[in-house]
Amino acid sequence: MFILNHLWIILALPLAGFAISLLAGRHWPHKYVNFSSVTAVVLAFLAFCELAREFVHLAPQQPWIQSYFTWMTAGNFRVDFALQVDQLTMVMLGVVTLVGMLIHIYSTGYMAHEEGYYRFFAEMNLFMFFMLTLVMAANLVLMFVGWEGVGLCSYLLISFFFQKKSAADAGKKAFITTRIGDFGFTLGILLAFWTFHAVDFKTIFAQAANMPVEGMHSWGVLTSICLLLFAGAVGKSAQLPLYVWLPDAMEGPTPVSALIHAATMVTAGVYMVSRMHVLFSRAPAAMLAVAIVGAITAFYSATIGLAQTDIKKVLAYSTVSQLGYMFLGCGVGAYAAGIFHLMTHAFFKGLLFLAAGSVIHAMGGEQDMRNMGGLWKKIPWTYATMLIATLAISGAPLFAGFFSKDEILFEAYAGPNANHVLYGFGIAGALLTACYMFRLIFLTFHGKPRYDEHHVHAHESPKTMLVPLVILAILSIFGGWVALPPYWGGVNYFDSFLGPAFQTSSELAAKLNPSWVEPAHSLELQMTGIAVAVALIGFLIAWYVYILKPELPKKIAQGFRPIHQLLLQKYYVDELYEAVIVGPCVWLSRNVLWKIIDVGLIDGTVNGLAFLSRGVGGGLRHIQGGNTRSYAAWVVAGAVAVTIFFVWMVR
Amino acid sequence: MVPISYYVILSAVLFGLGVVGFVFKRNIITIFMAIELMLNAVNLAFVAFGTEFNQLDGLVFVFFVIVVAAAEVAVGLGIVIVVARNRKSLNVEDVNLLKF
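Same order as they appear, the protein sequences are chains A and B. Note that our numbering numbers the first sequence so that position 281 is 281, with each residue one more than the last. Note that our numbering numbers the second sequence so that position 65 is 1065, with each residue one more than the last.
Read the hints as simulated data drawn from the structure, not as lab findings. In this text the structure is predicted, and so the values were computed from the model without any measurement. Note that CB positions come from ideal geometry on N, CA and C, so glycine has one too. Be careful, since some hints might not be right.
Pair ranges (Cβ atoms, derived) [stated by the list, open to error]:
no., chain 1, residue 1, chain 2, residue 2, range
1, A, G617, B, V1068, 30 to 40 Å
2, A, F611, B, E1036, 23 to 33 Å
3, A, D603, B, V1068, 20 to 30 Å
4, A, A641, B, E1036, 34 to 44 Å
5, B, V1068, A, V616, 29 to 39 Å
6, A, V616, B, F1024, 26 to 36 Å
7, B, L1010, A, G618, 19 to 29 Å
8, A, A641, B, V1068, 30 to 40 Å
Here's a subset of chain B near chain A, in silico, CB distances under 8 Å, partners left out [stated by the list, open to error]:
no., residue
9, S1011
10, V1013
11, L1014
12, L1017
13, V1019
14, F1022
15, V1068
16, K1088
17, E1093
18, L1098
Examples of chain A residues lying across from chain B (beta carbon under 7 Å, computed) [what the hints assert, rightly or not]:
no., residue
19, H27
20, R53
21, H57
22, P60
23, P63
24, A428
25, S630
26, V636
27, A637
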C-alpha cells in the first residue's frame, strides 16, 4: 500500500528530474543529464508497476482518492490538491510512463549532437510531470493545471530549435490554437461548478448520476457542459476544426513528436471525454457531436495524409486521423474501445515516429520521402520495426491496431448508439490509412534510392535508439492481445478491467436503447472481414501504385491536378484561417490596437502627463533662484497664507 | 494684574520685528537672531495663554520650543561657521550657488 498512500511520489519523480536537469544540467556532461532525467522517468515507471501490483487488491467500484491539502477556497468554491486512481487512470499511467520511459531512452541517442541537451531533457521531464498530473487529478481544476502544463511543454519543445523561425512560429501556432479550445474548457469547468457547486469528480458524478438524461433536441446544462469541455478536447487532441497546429508541431525534435504529439498529450482530450463519461452519457447531443467530429476528422485528415511528402507530416495527419477514431469510439459510447485504441495507438504511433526519427537520423536530417527509397537494406532494424507499426496501424490481423480499430468500428456499426453514416466515414478512413501508410513504407524503404549515395551514408542508429524501437514493436504486435474479442474464444481482459470505470454509462446506454440487442457473433465476424478486406485493398493500391508502377504517381498527380493540389495544400485550410482569422486579427492589432489604442491613447496619456509635469516644473523651478532672502519671503508668505486660511476657517 | 492683551500685543510686536529682520537683513547672524526673536515671541504668547487659562500644556510647550531652539542654534551656528570660512563673508546674497 506504499505507493497507493503516497501517490505524489509518481509526480515528484519527474519533477525532481526536471529541477535537477534545469538547475545543474547546463554545465554537466551529457551522461549526467541522461542519468538524472532518464532515471527519474524509469523510477516513475517502476512506481507505476508497484502501484499496479497494489491496485489489483482494491475494491474495483470506487476510485482511490488521496487528498493532500486544500489548494484554494473562496466561499463554497474549494479545490483540493487531490489525486485519484481508478482503472482508467491506471491505463493512462501505464501508457504515459512506459512510452515516456522508452522515448527518454531513445532521446539520449537521438539528441546526442544537439545544442541545449539539458534543456531538452528538463522540458521532457516537466512534460511527464504535467501529463501525470493531468491523468491523476481528482478534480477538474487540477486536471486543467496538467492540461495547461502539457500545453506549455508542448510549446517549449516544438520551438526547441528556436533560432529557426518556422519552429518558433509552429510553437506559437500550437499554443494559440489550443488556447481557443481551452477557453471552452475553462467555461465548461465554470459551468460545471455553477451546476454542481463542486469541481471534484466524485461529487460531480454522484450528482450527475441523479440527473435525467437530456434529449437530442432539448439541450440542458449537461449538454452545454459537455460541449464546452469537448471544445477543449478538440483543441488539445487536434480535431476539426482546430487540428491545424499538429502538423506544424512536427518542427520539434522527433522524440517530442513521438511522445507529446502522438502518444500522450494529444490523447488527453480522449482521456478527458472518457473521464467525464457520466456527463456525456446523459447528453446524447454532445455524444453525437463527439462522434461526428471524430469520424469526419478520421476520414478528412487521412485524405491529406495521402499526398504529403514529408515523412513526419504524413505521420502527423495519421495521428489526427487516429485520434478521430478514438473520439468516434467515445462518441458512440464505447469508451473502453476508445481508450483501448488510445493505448495501442500510443505503442504503434510512438514507434512510427521513433522509427521515422531513426530514418531521418540515418539520412542526415532529410525528411522528404521523395529523396529516400531503397533504405531497407541499409537500416534493416528500423525497417522491420516500422513495418510492424505500419501493419498495426493499418489493421493487419493479430496486430495491436487490428483489435482496437475493429472494436471502434464495430461499436459504431452495431453498438447501442450505432450510426451507419459515421461507420462509413470510419471504414473509408481505414482504407486510406492502409494506403498512405504503405505509401510511406514503399517510398521510404523500397524502390530505387533517390538520394545521392556518395554524399549520404545511410547508417543504422545506435543501440539506445534501437532498443526502444524493438520494445515498442513487440508491444505493437502483442499489445492488442489483452482484448481478444470473445467470439474468437479469447478473453477481453482490457474491457473487463476498465468495466468498473465505465459501468454506469454502459448500463445507461442499454437502458436508453431497450430495443438494442447484443449483435450476433456472425455479424462481428463479417465486420472484421470487411475491415481486413478494406485494409488489404488499401495495401494493394499502394503496392500497385508505388511498387509495380512507380511512374504512376506522377501521372495521377497530373491527371487529377486540382485534387492533388487540394490535398497537397491541405485543403487550403491554413490559407483560409490565415485570411479569415489571422489576417483580420493582425490587421486589427496593427492598425487599431497598436497605432490607435496603444500609440494614441495609452502612450498619449502617459506622454501627455509627462509633458505636463515637465512644463509645470520648468516654470516653477525659477522660484529656486539661489537667493536666500527670497526663500525667507516665501516662507513668510506661506505662513501668512496658512494663518489667513485658519482664521477664515474658524470663522 | 496685567491684562492678557498686553502680553499678546507685545508678543505680536516682537514676532513682527522678527519677521522684518528675517526677511530684510543680509547678515546671517542677524537673520539668526531674528528667528530666535520669533521663537521667543511665540514662547511669550504660550506662557501668557497658559497662565490665563490655567493650562499646563502651553507652559510645557515652551520647554519644547526652548530645547528645539537650542538644537537649532547648535546646528545653525555650525553652518554659519562653515559658510564664513568658505565664503569669507556673512552676507546671505553671497551664498547662492544652489539654484536651478
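L1017 (chain B) as an interface hint toward chain A, with CB separation required under 8 Å: With Cβ-Cβ at 13 Å, over 8 Å, it is violated.
Status of the hint placing L1098 (chain B) at chain A (closest C-beta pair under 8 Å): This hint holds: L1098 (chain B) lies near chain A, its Cβ roughly 6 Å from the closest one there, short of 8 Å.
Evaluation of the interface hint that places V1068 (chain B) against chain A, nearest CB under 8 Å: 17 Å, violated
Closest C-beta approach of P63 (chain A) to chain B relative to 7 Å, hint status: 75 Å, violated
H27 (chain A) as chain B interface residue, shortest Cβ-Cβ below 7 Å: 54 Å, violated
Closest C-beta approach of A637 (chain A) to chain B relative to 7 Å, hint status: Because about 10 Å separates A637 (chain A) from the closest Cβ in chain B, which is outside the 7 Å limit, the hint is violated.
Interface hint outcome for R53 (chain A) [beta carbon to chain B under 7 Å]: With a minimum Cβ separation of about 82 Å from chain B (threshold 7 Å), the hint on R53 (chain A) is violated.
Per-residue hint verdict: H57 (chain A), partner chain B, C-beta under 7 Å: Cβ of H57 (chain A) sits 83 Å from chain B, so the hint is violated.
Status of the given 20 to 30 Å range, CB of V1068 (chain B) versus CB of D603 (chain A): 50 Å, violated
A641 (chain A) versus V1068 (chain B) beta-carbon gap, inside 30 to 40 Å or not: Roughly 23 Å apart at Cβ, these two residues miss the hinted range, so it is violated.
A641 (chain A) versus E1036 (chain B) beta-carbon gap, inside 34 to 44 Å or not: 24 Å, violated
G617 (chain A) paired with V1068 (chain B), Cβ distance criterion 30 to 40 Å: For G617 (chain A) and V1068 (chain B) the Cβ distance comes to about 33 Å; the hint holds.
Comparing the model with each earlier hint shows violations of hints 2, 3, 4, 7, 8, 9, 10, 11, 12, 15, 16, 19, 20, 21, 22, 23, 24, 25 and 27; every other hint is respected.
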